[in-house]
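*Asks:* Protein chains in written order, with our numbering: chain F, 20 to 138; chain R, 219 to 658.
Treat the hints with care, as some may be off.
Only part of the chain F face toward chain R is listed, based on derived beta-carbon distances under 7 Å [said to hold, decoys possible]:
id, residue
1, 46
2, 49
3, 82
4, 85
5, 110
6, 111
7, 116
8, 117
9, 118
Think of the hints as simulated: they come from the structure by calculation, not from any bench.
Note that CB positions come from ideal geometry on N, CA and C, so glycine has one too.
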Amino acid sequence: MTAPEPLLTVDPRQDPSGPCVIEVAGELDHHTAHLLTEAVDAAPFDSAAVIIDLSGMTYCDSTGITVLITAYRRAQAAGSALSLAGVSPDQMRVFSVVGLDQVFTFHPTVEAAVSSLHR
Amino acid sequence: MRATASPAQESAARPADEEARMAAVRRYRILDTPPDGAFDRIASLAARIFEAPMATVAIVDTDRVWFKAAHGLDGVTQVGRGPGLCASAILHGEPYVVTDAATDVRALANPLVRGEPGIRFYAAAPITTSDGLRLGTVNVLDTRPRRPTDTQLDALQDLAALVMEELELRLSAIRTVTAERDRRAEAEHLARTLQRTLLPPALPTVPGLHAAAAYHTATEQEVGGDFYDLFPLNDGRWAFFLGDVCGKGPDAAALTSLTRYTLRAAAIYDPDPCAALTNLDTVLKGEYQGSSPRYCTAVFGVLDPVPDGSFDITVAGGGHPPALAVRADGTIRPLSTAGGQLVGMLPRPRFVQTTTRLFPGDGLLLYTDGLTEARTPEGAMLGEEGLVRHLATAAVRTADDLLETVEVLLKRLGDGVSDDTALLALSVPAHTDNRIQENR
């Protein structure tokens, strides 16, 4: 028997150039969002910039959005940089409707997000 | 002590506790269930222990003996409740043995003895419940007379006890599943009931305006948090709102309740649409600060009747898809509140309001994103464009038309709709409608 394919994977890693990159892949919804919540809770907002890589995210519901806003508030409180990378056009439309396009900093890729930090 | 001989009249008798016994038989829900490996193995083990050609796990029903398992009986699944064999065996708390049916007055009359297959030997151990009711037997049969050993009869009793344990296990599994199903059904029912209380049972009648609303449920399992309302303000104007809270289930229902009552109260305090959303933002932040922040998105509007039958409308959007104005001439345009942000979680949210006039023949559709985030059969998100395209295909004149047209779309999208959808439609009756009818 093989284990069922996980619906969401959340992979935090330290980029060699400094920022913490949290890679999110799969469906971010009220069944799986706790995985990202844990990663956001553990992220080093006080000492590093945080990039959430959403290029592998296939779905995001309102609970997922709640977690992303929580990350934004953590970053604001710590005075550090948070950016979202690789947001799909469909997801961008959803972010625009709820007004989050004015809240987050977006970059097409993690590389672009990293290089913007060194500018 | 073994029951080896007893009076002949006993063979036709029924247990004194037959009613309670039958109740127990039914309780274990075993009769007429499909064959099952565990019981088949017990029957073949019994046959092997006795080196006998036939063995069964038998349950004694009102007027038949039904075999849960039958080894060597060639497809026989039940026999009549004839005297002398199983029917007699359940009268005893210990093994019941007929060493030679040809000379045993108790068994002589049994059809299995007199006719095919001509049973001569029969030994049975009762399957007994913990309260002493005998459901049936584990038994072995042979067409030759035999004399079983005590060891064999002890083993037969062990097998009967094993059957009883298996039946108990199955019953408790059935009960657990049933209880779990009941519990879940009850919780869902409660959440659905709660959700219904969050929607107005019927929309009020607004003079000179048609209004219609609907709630479309995507799945029974997960209760969403969509809401809407339409109510009078105390100065002749009317207010309406429609929105969606984040999350699902009872928590979402509680947030929906808070949101709905806050918006109604806010409208009395200050019916300016942006002020109502700002008020809601403050309340949600106060209620859900800390570890479990929550938000909602909403459109809030005020209707102001104009003497010529039109309505001035002011709507504010808080992170919600814009309402669609469906004009009498067929044009469909969003009442854009772009830039408005979700309510309850952002430090300084922006709400955007806009004003328009609904003339006779015009309509307004408010919806939640369960509709626009639905997937088309091609896998694309429907989006506002898809919704507008669909509305443009139908001759939409009234609030009821609007809802009906969207219902058709929802039906067509089917499983592509993964979230609940609330709909609120308003329309100003067209003067021309009356004229056309009068001319007929």
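*Asks:* Output the numbers, in ascending order, of every earlier hint that fails for this structure.
*Replies:* 1, 5, 6
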